Amino acid sequence: MIREHDAIVVGAGGAGLWAALELAKAGVDSAVLTKLYPTRSHTGAAQGGVCAALGNQEEDHWEWHMFDTIKGGDYLVDQDAAEVLAREAIETVIELEHMGLPFNRTPEGKIDQRRFGGHTRNYGEGPVMRACFAADRTGHMILQTLYQQCIKHGVKFYDEYHVVDLISEGGDLGAGGRASGVVAYRIADGELAVIRAKAVMLATGGFGRMFRVTSNAWSLTGDGAALAYRHGLPLEDMEFYQFHPTGIVGLGILLSEAARGEGAYLLNKDGQRFMERYAPKLMELAPRDMVSRAIYQEIRAGRGIDGKDYVYLDVRHLGRKKIDEKLPDITDFVRVYQGIEPYTDPIPIQPTAHYAMGGIPTNLNSQVTRDAANTVVPGLYAAGEAACVSVHGANRLGTNSLVDLLVFGRRAGRQMVLDVKGADMPAVTEAAAEPVRAELEAFRARPKGERKEAIRTELADVMMDDVGVYRTGEALERARAKVDELRDRYTRVSVDDKGTTFNTDLLEAREVGYLLDTAQTMVAACINRKESRGAHSREDFPERDDVNFLSHSLATKGADGAVALDYKPVTITKFQPKPRVY
Amino acid sequence: MQIELRILRFDPERDRKPHEESYQVEAGPMDRVLDLLHKVKYEQDGTLTFRRSCAHGVCGSDAMLINGRNRLACKIRVDQLKGRRITVAPLPGLPVMKDLVVDMESFFAKFRSVQPYLQADDPDPERERRQSAEDREVFDDTTKCILCAACTTSCPSFWAQPSYVGPAAIVNAHRFIFDSRDDHAADRLDVLADGDGVWRCRTIFNCTDACPRGIHITQAILEVSSKIVEHHA
Ligand SMILES: Cc1cc2nc3c(=O)[nH]c(=O)nc-3n(C[C@H](O)[C@H](O)[C@H](O)COP(=O)(O)OP(=O)(O)OC[C@H]3O[C@@H](n4cnc5c(N)ncnc54)[C@H](O)[C@@H]3O)c2cc1C
Ligand code: SF4
Ligand code: FES
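As you go down the protein sequences, you meet chains A and B in turn.
Letter by letter, the first sequence follows residues 14 to 595 of this note's numbering.
Letter by letter, the second sequence follows residues 239 to 471 of this note's numbering.
No false leads were mixed into what you were given.
Mimicking DMTMM-like on lysine to aspartate or glutamate, the simulated pairs with C-alpha atoms at most 25 angstroms apart in a straight line are:
#, chain 1, residue 1, chain 2, residue 2
1, A, Lys-165, B, Asp-360
2, B, Lys-255, A, Glu-204
3, A, Lys-38, B, Asp-420
4, A, Lys-165, B, Asp-378
Computed spacing ranges between beta-carbons, pair by pair:
#, chain 1, residue 1, chain 2, residue 2, range
5, A, Arg-505, B, Glu-375, 54 to 64 angstroms
6, A, Arg-290, B, Asp-360, 50 to 60 angstroms
7, A, Ala-440, B, Pro-394, 54 to 64 angstroms
8, A, Arg-459, B, Gly-266, 29 to 39 angstroms
9, B, His-454, A, Asp-501, 53 to 63 angstroms
10, B, Glu-375, A, Glu-76, 33 to 43 angstroms
11, A, Lys-587, B, Arg-365, 22 to 32 angstroms
12, B, Gly-266, A, Gly-284, 24 to 34 angstroms
Because the hints were derived from the structure by calculation, they are not lab data.
In this text, all values refer to a predicted model and were calculated from it rather than measured experimentally.
For every residue, glycine included, the Cβ atom is placed at its ideal position computed from N, Cα and C.
Construct the complete structure from the given sequences, taking the supplied hints into account.
In structure tokens, the structure reads:
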């Protein structure tokens, strides 16, 4: 069956919903496709806050926010993009308040703000209160508010439609073609729907599920990024993956940096606030890559709790009132998932795989680009964690992802509004569904093959152990061999469920393939980057190397199935790269 | 320890009616029911079907009937359930699509019916609308809803009368009726004063007990009811 809309948005997290809202408000015939009900998107899990230099609590300026973003990203940030981010953070946060978001309030009734890692006053002098928040469920409120507005503005949703392929005309997407629609699998009954459109936006979120310990939802399997890659588009800066310092041991469930923003300590087994040795000025509020490395160093030096692989997050001295008012959800997680009472006991934590700085390359208007010259792919847009503008560079600052969704989701929507006017509807036929139909059928047709589950777990293990907080050439080569082996085994995966009704067995098999693609590009980009920058920390190349590596990587699928790497320069406007100390 | 998991299963392509299947799984006390469901799906039978995403109680995907009560599978631990046998069934009162997956369309339609979005008539100011911490506190509790449907599908009034708008929709109406920035409380009160609105609530408190977010649902319903009385007086 063929359907048609002028614009379609794939993904109903913060980025997709804001774009959809712009389209609906402008009266464009548009729709959102999402494999989860919109309110199940992982934006709803975001806790701590969204930064904007409102200056409600103390003096602040967007230029300071811009600088912090660039320095936090170890100078791999495109500075024109960081400027857009820091400026438009202010108006988008205000707009969210107008949409009804219930922010915490200051005594004057303004939006309340708190401290967050790496956000400083006057270019690094000390922490600043910049993170706007709604308790420790800011993402939940953003997701709900945007969804509410979508209802108000009559946005059309295809709920539980799993997009399984991208369609183009005039050649593949990486070869000059124009995006012309998607193929979506209706989860309820297995129907493959072809939807053609003049504009297609990818807002499918991250891919943390390639790691064993992660804060990411089961659904975060890199679908949009992998589909783009399969159609010849590059993935940018895939080697930069953030490990958040404070995840619940073993499970990876996140305990927001907001805890440290409110004053929580990190302690080793000697009860020492070890961050004083790594970042004397910002202490626990140093950027995440540094804090995660510090925790690993402590553990390696035998100063983990009981000599084990975790340290403590301590909120006890904050007092019950502050804990209940500012950190109710995360302390509840600790009670439910660790059986610990945070009022009276310190919380065992370890770094957890959290956020992809890299993704589908885009320009400032959220248009996807396909090469080092930033050539625009007509009709294709991306924003949110799936995309790479790049505002996060080598390491994202806390709260900047939510800002990214708002600012570049909005820009994507506005750009699509402009672009669909006057564009003609591409000629797409039902035949567009055939390649992916065959791929899906193959899973069902194989009698008894490899189990997708084994492949996913083995992938998660090797990525965690060899492509984690610290990396070496040797470990990365091991990971490459393992990923290649898993890719080979993946061609023989079979599923138990052969039916058409709500077949999650089949769709999960598909998702494992996306994880393998994104992991493959990550490993290749890691091997080639022989320096340490931000979240990419090579023990065999411990220094940052601006002469050879002040550039974004672009990983493209080579003819032989291997990853081909290219590089493009970083845009530098106001701030020349400096050593990064806090 | 070994746990017996008894799951109510139904595949419309194969079964004429739901039937219980039993699975033995190895589990620790801190494991959650979701972990056990994954063990069955990944180690024993890939056809077992359920929704899940966040795995820590914030997305609302995996509400189901566990040992006779509606809960999130990812938020209930084996040790909390006490005993070696755990029963799992889909949420009651909604059509079953397959195994533990129910059709949520009617639930979301009711949510949409209460105008769950801010409607402020004054033009947007340049900066944020002011709101005192006290005014915000009035509706704080009902902003926590994750639309999991545990409340509505635990309500005997809903089972008896499926057209009842249900606790979840009232919770979300409450969130806006009591927001000092909103000017359209009256419209929502009219919707809820209707025959399928708040008056169907018999204060049985099943909803409040079921809510994984700890929302004081019955209280919110009572607050909305009083507001309707006030409004129509
Ligand atoms: C626990 C946690 C806490 C966080 N806290 C913060 C914070 O305090 N501040 C901050 O700035 N950032 C935070 N982040 C990061 C931030 O929340 C995410 O990066 C961001 O929400 C991603 O939003 P998104 O719109 O890109 O995608 P998501 O919200 O992940 O949504 C992805 C959407 O794509 C859809 N989708 C995916 N694949 C398909 C497909 N094949 N077909 C159809 N639909 C598909 C899904 O259904 C979903 O709707 C946090 C992240 C986590 C995990
Ligand atoms: S009120 Fe509670 S139980 Fe009801 S839908 Fe919302 S979160 Fe779920
Ligand atoms: S999986 Fe998200 S609430 Fe349980």
